[in-house]
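**Student:** Each chain, letter by letter, is given below.
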Amino acid sequence: MRHFAAVIALFVSVASYGQIKDDISVVQYSAKFVTANEIDLKIFRDYNTQTLYMSENKKIFEKEKIKYLPTIILYNDGEVVLVIESGISLKLPDDTTEQIKKEIETILENRF
Amino acid sequence: MRKIILLVFILLSINSYSQNLWDNVFKYSTFYGGYTESNSIQGNPTFYVTQENELIETTRRVPADFMVTYGWRKLANFQYEDKNKFYDGTENNVATRSSIGNTKGLEYLFEYQTGRQQGDEFTNKEAFVRYLAKYWLVKGEFKQNELVDLHYVSGEARLRLPIGKKLSISGGIIYRTYDKAYGHNPIQKYLEEQPWWTLAYNFANHTDNLYEMVNPFTGETIGYDYQWFNQQGELIAASDADYRNSVFQNVVNRYNKEQLALIGEYEQLSAIVGLDFYHYRKNFWVHIYGNVLPEHYLLSGDERYSYDNFVDTNSWLDYSAGGVLGFRITKNLGVFTEISLQKYWDRNIRTIKTGINFRI
Numbered sequence: 001m002r003h004f005a006a007v008i009a010l011f012v013s014v015a016s017y018g019q020i021k022d023d024i025s026v027v028q029y030s031a032k033f034v035t036a037n038e039i040d041l042k043i044f045r046d047y048n049t050q051t052l053y054m055s056e057n058k059k060i061f062e063k064e065k066i067k068y069l070p071t072i073i074l075y076n077d078g079e080v081v082l083v084i085e086s087g088i089s090l091k092l093p094d095d096t097t098e099q100i101k102k103e104i105e106t107i108l109e110n111r112f
Numbered sequence: 113m114r115k116i117i118l119l120v121f122i123l124l125s126i127n128s129y130s131q132n133l134w135d136n137v138f139k140y141s142t143f144y145g146g147y148t149e150s151n152s153i154q155g156n157p158t159f160y161v162t163q164e165n166e167l168i169e170t171t172r173r174v175p176a177d178f179m180v181t182y183g184w185r186k187l188a189n190f191q192y193e194d195k196n197k198f199y200d201g202t203e204n205n206v207a208t209r210s211s212i213g214n215t216k217g218l219e220y221l222f223e224y225q226t227g228r229q230q231g232d233e234f235t236n237k238e239a240f241v242r243y244l245a246k247y248w249l250v251k252g253e254f255k256q257n258e259l260v261d262l263h264y265v266s267g268e269a270r271l272r273l274p275i276g277k278k279l280s281i282s283g284g285i286i287y288r289t290y291d292k293a294y295g296h297n298p299i300q301k302y303l304e305e306q307p308w309w310t311l312a313y314n315f316a317n318h319t320d321n322l323y324e325m326v327n328p329f330t331g332e333t334i335g336y337d338y339q340w341f342n343q344q345g346e347l348i349a350a351s352d353a354d355y356r357n358s359v360f361q362n363v364v365n366r367y368n369k370e371q372l373a374l375i376g377e378y379e380q381l382s383a384i385v386g387l388d389f390y391h392y393r394k395n396f397w398v399h400i401y402g403n404v405l406p407e408h409y410l411l412s413g414d415e416r417y418s419y420d421n422f423v424d425t426n427s428w429l430d431y432s433a434g435g436v437l438g439f440r441i442t443k444n445l446g447v448f449t450e451i452s453l454q455k456y457w458d459r460n461i462r463t464i465k466t467g468i469n470f471r472i
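Which chain is which? The protein sequence lines are E and U, in order.
Quick note, in our numbering, the first sequence goes up one by one and the last residue is 112.
Quick note, in our numbering, the second sequence goes up one by one and the last residue is 472.
By construction, these hints were calculated from the structure, which means they are not laboratory data.
Heads up, some of the hints might be wrong.
Covered, in the sense of this in silico footprint (three residues per stretch, anywhere, with C-beta under 8 Å from a C-beta of chain E), are these stretches of chain U [claimed, not checked]:
1. 185-195
2. 205-217
3. 383-396
Just so you know, even glycine gets a beta-carbon here, dropped at the ideal spot from N, CA and C.
If we strip away everything but chain E, and leave its shape as in the complex, we get:
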């Protein structure tokens, strides 16, 4: 019984750990004061998308070493594939969406 419980516990912890980075994930690290500078992630709705705010996810921001807001990170099964930072201007590059699309295309191509 103890072994069974241990297996279930392992299963659940693995299942819940690091879900923001699973599969192809586009995560926008932002803050309430720069919402106007965020990009709309709806065009990536076929993949995992999330916008995280610093005030609510401080630990994640520290762990991911986010320096600029907003920052967009594209993950592929936990691996960082692309980081797009706004820099001191707090503005993401105009071709952000295009850059992400291009990288996703490469990820998908490598899967087949």
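Starting from the known structure of chain E, arrange chain U on it as the hints suggest.
**Tutor:** Same frame as chain E, now just chain U:
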């Protein structure tokens, strides 16, 4: 002017539709063809000595194995799968056994193989199509594998409940056909009612001849036995034991095959429940998939020989399950395990692979 606008609109629609069609159906798909050849396993040399003391080699020479494959596939590999530079038809596609893929949308595989293995010629055909959406999936499969004597068609529709991003539970119905009266053995039934030699007489048209064995030195009778002859009157076995050991096995197999072929195909509808769990990181990955079919309903086929009739219930458990686990303990040390289990009717298939790698 209106006509031009209409024409432009139609062209734009066709272009957008064809772009969608291209992206959803053809993009990332691969046509492939392959040829493989290798030496077959040769048996030990065998010899025959004639009455005149002549030595004749009777070793069976097995010609080389070969396989020609043609295929068209759009199947996403899981991250832990080895990505071959070229597809040749020998891939072990986990995506076709699991209820999830490493991508959403349409995936398919069409493959035709023909060749020879250990002297036996074969033709294998496979078609697999699956559409995976967030909350549902549909899947169709056709398999004809002459190497393992497997032939079935299946189609299923399921609702899917993703729990987080790694776990998914699904449930629905599956339609399957099978062309064998699983569980039933015609020869067993025959032997319960009649002696074995009636099959030799009536089915194989073999005849026998009783003879007496006499000790030539004493003239004493040792016993009696039968010689066996084929339809042309040629001697094929010198005794009952010789006949049963050499000839009768083929008669039994032929009888079973013919009787099972007379029974024909079955169509069955079953409930299906599945679970899929996929987690991948560079140093640790686990993929578990399982499907259970607990309830069954016979749609067509000879009820007398159906599997429902053999097990005397509609509630037996068919299942297919598997798991892949890989763990890089250190930079140089890693362990891996792959298990695949399937029990459909009375057919059990099990493969287990496990190992350790240590890089120096």
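**Student:** Is the coverage entry for the segment 383-396 of chain U by chain E consistent with the three-residue Cβ rule at 8 Å?
**Tutor:** This one holds; 5 residues, not fewer than the three required, reach chain E with a Cβ under 8 Å.
**Student:** Under 8 Å between beta-carbons, do enough residues of the segment 205-217 of chain U, three at least, approach chain E for the coverage claim to hold?
**Tutor:** holds (count 3)
**Student:** Is the coverage entry for the segment 185-195 of chain U by chain E consistent with the three-residue Cβ rule at 8 Å?
**Tutor:** holds (count 6)
Hint check: no violations occur; every hint is consistent with the structure.
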